[in-house]
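**Student:** Listed here are the chains, written in short residue letters.
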Amino acid sequence: MEFGPYLIIALFEGALTSAVIALTAVGLSVVFGLMRVVNVAHGEFFMLGAVFTWFITWNLGLNPTVGFITALLLVPLAVGSLATLADRLILNRLDYDPERTIVATIGLLYLIQQSTLMSYGPDARPVEPPFNHRIALPWIELGESGWQIYWPWGFGITTYKLAVILAAIVLLWILLRLLARTKYGLLIRATQQDSEMALAFGIPVSRVYAIVFGIGGGLAALGAVLIVPIRQAHYLMGGEPLLLSFIVVIVGGLGSIPGTILAAILIGMSDGLISVFFSPTLAKIVATLLVVFVLIFRPNGLFGKNQQ
Amino acid sequence: MKKVKLIKPGISRRSALKAVGAIGGTAMVSSTIPGWYLQASTSEPIKIGFQVHRTGIGAAYGRWYERTSIAAVERINSEGGIMGRQVELVAEDDGTDPKRGAEVVEKLTVQHGCDVVFGTLFSHVVIGSSPRAGELKMPYFVVSEGHHVASGMLNRYTLQPCITDVKSQVEAMAPFVSGNLGKKVTMIFPDFAFGHDHRDYFSAAMEKNGGQILEKIAIPPTETSFSKYFPKIPRDTEVLYHVMVGPAVLTFVKELGEFFGGQGPTLFGFIDSLEAVDMTSPGLEFLDGSYFWEGMPRYSQGDTLPFDQAYRDAVGCDENGASVTDSRDVSTYAHMFGCWETLFLLREAMTMADYKSDQASRVRLIETVESMSEIPASEEHPQGPKIFNGKTHQVFGQQYITKVENGRLNLAHATSIEDTFYPDEVDYTSQSF
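Sequence lines, in order, name chains A and B.
When we follow this note's numbering, the leftmost residue of the first sequence carries the number 1427, and every step to the right adds one.
When we follow this note's numbering, the leftmost residue of the second sequence carries the number 879, and every step to the right adds one.
There could be a bad hint or two in this list.
As the list claims (entries may be wrong) - Derived DEER-like restraints, expressed as beta-carbon distance ranges:
(1) L1498/A / E922/B: 53 to 59 Å
(2) F1719/A / K977/B: 31 to 37 Å
(3) L1515/A / E981/B: 31 to 37 Å
(4) E1093/B / Y1610/A: 41 to 47 Å
What the hints assert, rightly or not - Pulled from the structure, derived: some chain A residues nowhere near chain B, Cβ distances all over 10 Å:
(5) A1436
(6) V1466
(7) R1657
(8) I1711
To be verified - Sample of chain A residues lacking proximity to chain B, with all beta carbon distances greater than 10 Å (derived):
(9) F1481
(10) L1543
(11) L1598
(12) V1631
(13) L1662
(14) M1663
(15) V1712
(16) L1728
Derived from the structure by calculation, the hints contain no laboratory data.
Here the structure is a predicted model, which is why all the values come from computation and not from measurement.
Positions of the beta carbon are idealized from the N, C-alpha and C atoms, including for glycine.
Looking at chain A on its own, in the form it has when it is part of the complex:
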């Protein structure tokens, strides 16, 4: 009966989820593709992004728009620098050994999470969106007594949520262009294809690693800056994006950026649709099942290249 408005809300919520997961998961994917490091602390970089945004907008006493733009510029840089530091201090010293880096990043996860709890505290804190208008469209339906207008049960969306979706699309496009068309992208792709050969050609591989790990952290933080005016900053908020990012990266194929983006859209949209029409818990179950099937039938993911 109310299929139309349901569908629009489902698609819209799905697109929002897709946008944020895509940004976060691409960070995880880039890091894995290049360094073969499974960064378990990735969700904490996301959380730090949200907490730093709160810190800037709340403490600097600026108006919401100025504060938010400041955060948008500074926070990914700050979190990216922290990630680079973590790479220099920890991962580099473990020679990027896959098993040991997993354990090290688990340690990093707890370190970041508990330091945040001790300094920022256990509360969820809101960040004011720079702009937020509700767009309510009426839904027109042919009922028993002719055409009827349903309002406000049509669908309500906000301009800020729309802006997040658009921003994520633009940012991902910029990232893909950077990787495909610039000298830095070339260095990264060369290191990814064969790091020893890249070193032989004079590419500073260890510096590329540090920068890429920073970019990964920065992208997670960027996703968080965009989402924090919708959800709130909380020290435990890193868990869900980490789980979703892993799902998306595995489904899309570890290290494949187009695969990651496509999987993010797939998972985000199915999450929106299943959540609205059935239940949000079922959406999580379906996403996890998808991972299982992908691992069974396409172990390298939908877009992953056979590494053997």
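Using the hints provided, position chain B relative to the given structure of chain A.
**Tutor:** Same frame as chain A, but now just chain B:
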């Protein structure tokens, strides 16, 4: 006693004399003061174990439960403590986690040697911790609102003497909702014990009052986005009944506003959906004109609650229910009075029971609380008068309904205590200790 066993043939005369002397000495001391235990207990502080949600989804409540409890203990100590003994609050964080909750009860009992344990709010933590308190024979005074105490699910050691339970709250709300707001109701509630109490007892109470529940929407308490749940609200809903908990309550209410844009059905919420949230936060303007249940009104209502102002001053809240030192730090005013009142009730009950920090005293303490009935409003009980039911271990009291007017919650209706009564479901006094 052990020293007597050491005196055996072949022991020197001197050591034998010493041992006899020691026994005689002990006997003399114990004839004047019955045992070292009591001697210690009259001078040592009474330790009240405080199971507090410092972290996890209940952190905002925990922060204010702790402030309120510290204020109450300071007041009790400045008035001479309990029977001359100072009160010491031993706080342990349970992370709002049931498993950790049981461990905290054990730690407070075994390691800290507390006299009683108190202060738990979240119903799943209470349900997880209470069996351990029963096993340890530790009096466990909860400030939780859940119906689990009065339903008979827990045990004789668990009592809820100063905050009413959800069943009585919603029984008192249903006539107001069906009489003033509408008959067709859709409910949104958190998907755990506390929310299920709302779902079960409010829907039953509404049907008794000629109302109808169109849809029941359960949301996991850890959820962070809510818009996707709202399309499930049927179009012919007249009243949307909402109660939500957890760190994302502000998001919940904001998205509710974005969905309806201030049109839609009449809103009736439990203040839990907005505890510790500033009513003037951007995005909440649509709430104007909607109604809330409050255990105790957050905004000062003048002289309507005669003991409110003194309590407000003691716990450090301004007339808007925010911290006097930071107006952005909003309290959980509708719930935290339960900590204040429970601590003063403990003072009264321990005095009546001639509490001595031994197991017999603990049993006496529970029996004393069970024998209590009328609790008049006073500075110790600022929320209002109450009637305690010793059989079900649950207190009954007035409920408040406030209306949002210009970003302020103004009192619209106060129920009587009788409105909240329902038949007993358990008789804990028939259980052995």
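**Student:** So, for every hint listed, does it hold in this structure?
**Tutor:** Cross-check of the supplied hints:
Distance hint for L1498/A and E922/B: a CB-CB separation of about 57 Å, consistent with the stated range 53 to 59 Å. Checked against the hint of 31 to 37 Å, the C-beta distance between F1719/A and K977/B comes to roughly 33 Å, which is consistent with it. Distance hint for L1515/A and E981/B: a CB-CB separation of about 34 Å, consistent with the stated range 31 to 37 Å. Separated by about 54 Å at the C-beta atoms, E1093/B and Y1610/A break the suggested range of 41 to 47 Å.
The beta carbon of A1436/A is not kept farther than 10 Å from every beta carbon of chain B, the shortest such distance being approximately 7 Å. Interface exclusion of V1466/A from chain B stands, the closest Cβ pair being 20 Å apart, more than 10 Å. Under the 10 Å C-beta cut-off, the non-interface status given to R1657/A relative to chain B is violated; the minimum distance is some 5 Å. No beta-carbon of chain B comes within 10 Å of the beta-carbon of I1711/A; the shortest separation is about 13 Å.
In this structure F1481/A is separated from chain B by more than 10 Å, as the shortest Cβ-Cβ distance comes to about 14 Å. A beta-carbon of chain B is positioned within 10 Å of the beta-carbon of L1543/A; the least distance is around 6 Å. With a minimum CB-CB distance of about 21 Å to chain B, L1598/A clears the 10 Å threshold, and the non-interface call stands. Distance check for V1631/A against chain B: the nearest CB is about 39 Å away, which clears 10 Å, and the non-interface claim stands.
With a cut of 10 Å on Cβ distances, L1662/A falls inside the contact zone with chain B, its closest approach being about 8 Å. Remark: the non-interface label on M1663/A conflicts with the geometry, its nearest Cβ contact in chain B lying 7 Å away (cut-off 10 Å). Against chain B, the non-interface label of V1712/A holds: every CB pair exceeds 10 Å, the least being about 14 Å. For L1728/A, the condition that its CB be more than 10 Å from all CB atoms of chain B holds, with the nearest at approximately 25 Å.
Violated hints, listed in ascending order, are 4, 5, 7, 10, 13, 14; each of the other numbered hints is respected by the structure.
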